[in-house]
Amino acid sequence: MSDSPKIFTLKQVVSSIRKTIEERYHQTYWVKAEMHKLNRFPSGHCFPELLQKEDGKIVAQISGSIWKHNFERINQRFISVVKEPLKEDTTLLMLVKISYHELYGLSLQILDIDPSYALGELQKERQETLKRLQKEGLLDKNQKIDFPLLPKRIAVISAASSKGLSDFQQVIEDNQWGYKFFTMLFPAYLQGDQAATTIVAQLKQIERVQDHFDAVVIVRGGGGEVGLSCYNNYDLCKEIAKFRLPVLTGIGHSTNMTVAEMVAFRNAITPTELGDFFIQAFHSFAVPVSDAWKNIIIHSRSLLAEANFSFNKKSAELKNGVIRSVKENNHRLYRSSQGLLTTVKSSLQQSDQALRRTEHKLESSSTALLREYTHIISTIEKQFPGLTKNTLTNNQIKLNQLMQSLKLLDPQNVLKRGFSITTLNGKTIGDTNQPISGDKITTRTATFTIESDVKSITKIEKT
Amino acid sequence: MGEELNYTKAFDELQQIVADIEDGEISVDELSEKVKRASELITVCKSKLTSTEEDVNQILKELEKDE
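Top to bottom, those sequences are chains X and Z. Sequential numbering of the first sequence, starting at 229, is according to my numbering. Sequential numbering of the second sequence, starting at 17, is according to my numbering.
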């Protein structure tokens, strides 16, 4: 053994490492690891970063490699089984061979990836999202919203190029009833890694202008059934469930319903079916409105006819009643008048008899009275003969004397005795009718009437 | 939302009138007035089906406001 150490070339070293590793790890292994980055190169080969985390910390890390032909085969199977392409940041079960290359170093050469395991992982995410939402009481929160009577203003989350969008628009815009909807597109990715975040972002936008909308729809279609696992994303599903407007989905697929569809207010299999649902909601409003008039007319007519019928019936009843009542009263009146007549006759007869009796009584009593008075008078005459005759003669004498006196007082007789009456202005002269010189006075005697002018006046003082 | 309530109310009121007339709860005296009211409500509801008042530009303006 020489003192000088043995010197290897680098190639000798890496060749030795390679030989050792190949001998030690000559078989293949199933390894569970998270594929952090896929790192697909233009050549078609991929060099993913593989790692394992514990409590969020990376505890193991190694590079991987998938040759182009392996990648294409694996991806095809994923799409057909998992309905998702190979995705970054997912835990995968891979068949690997540990390889060492003189130039590229140590890596895990990925020969295959188990799609069932990936599917299981996705279903696990779906289950976890469901469980969390259930625990938070959000599963049916959106479904409890009162759906607007007329959902005419729709915020549409879709992609401008999506066939699902055009299907939906066609149904609601070209409807034959003339229903008018207002739609506004909020564009988002509808599948793959970015879908959940962009849809959530658009929901937040809509929330800011939610007063302008009645409902939100998420429509997608025409893209096959790949890449829908984003609709199991917890953040997206929570946002839908909590949304204050009803969120309706029409993302078009036939396999397992995603959580987003489960928590949505309503899920339609296709955007077309979703559009039909809106048309149907309009029908539910429009049909009763147009039927209202028909029903009102029909029932108003029957109401009026009924009223008319019962009025006619009542008036006929009234007429009959009146006739009956008049007849009855007539009878009663006749009976009453007959009764009255009898009563009056008998009453008259009675009165007549009473009158006759009274008359008779009066006659006899007055005759008796007359006889009595005659008797009294004759008695008086017998007792005082001439009494009445003397009184009469005396009174005659007194009366003649009075007439004599009256004759003496007659003005004509006074004038005859030489007196005259002088008047001024037709009235006798006195204190109240004093003459002044120049007045004309009239003097009346028994035989003349003399007009004279007053020359002088001398008032005679009373003694 | 004000107008929202209007057509919802109009619809509910219309349904009530129709139900009342169907059930014979309305007297002949009230009938004419109710029928007139129903015709007004039908006009409100029908116009709601075929018109739209929202404006995309207005909504965009509101979205830009706080960004």
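Be careful, since some hints might not be right.
What the hints assert, rightly or not - Now the in silico label distances, taken between C-beta atoms and shown as ranges:
# : chain 1 : residue 1 : chain 2 : residue 2 : range
1 : X       : K260      : Z       : E69       : 36 to 42 Å
2 : X       : S543      : Z       : T68       : 53 to 59 Å
3 : Z       : T68       : X       : E353      : 24 to 30 Å
4 : X       : S394      : Z       : K77       : 24 to 30 Å
5 : Z       : E69       : X       : S271      : 56 to 62 Å
6 : Z       : K77       : X       : T425      : 47 to 53 Å
What the hints assert, rightly or not - If you want the footprint, here are the derived chain X segments under chain Z, 3+ residues with CB under 8 Å:
#  : region
7  : 377-384
8  : 406-416
9  : 427-441
10 : 525-536
Just so you know, these hints were derived from the structure itself, not from any lab. Glycine included, C-beta positions come from ideal geometry on N, C-alpha and C.
Cross-check of the supplied hints:
One distance hint, 36 to 42 Å for the beta-carbon pair X:K260 and Z:E69, is violated here, with the actual separation near 58 Å. For the hinted restraint 53 to 59 Å between X:S543 and Z:T68, the CB-CB distance of approximately 55 Å keeps it satisfied. In this structure the hint that Z:T68 and X:E353 lie 24 to 30 Å apart at CB is violated, the actual value being about 40 Å. Evaluation of the 24 to 30 Å hint for X:S394 and Z:K77 yields a pass: the beta carbon distance comes to about 27 Å.
The supplied range of 56 to 62 Å is met by Z:E69 and X:S271, whose beta-carbon atoms lie about 57 Å from each other. At roughly 26 Å, the beta-carbon separation of Z:K77 and X:T425 lies outside the given 47 to 53 Å, and the hint is violated. For the region 377-384 of chain X, the proposed coverage by chain Z is satisfied: 4 residues have a C-beta within less than 8 Å of a C-beta in that chain, meeting the threshold of three. With 6 residues bearing a CB less than 8 Å from a CB of chain Z, the region 406-416 of chain X meets the requirement of three and the coverage assertion stands.
With 5 residues bearing a CB less than 8 Å from a CB of chain Z, the region 427-441 of chain X meets the requirement of three and the coverage assertion stands. Counting residues of the region 525-536 of chain X whose beta-carbon sits less than 8 Å from any beta-carbon of chain Z gives 5, enough to reach three: the coverage restraint holds.
Of the hints listed earlier, those the structure fails to meet are numbers 1, 3 and 6, in rising order.
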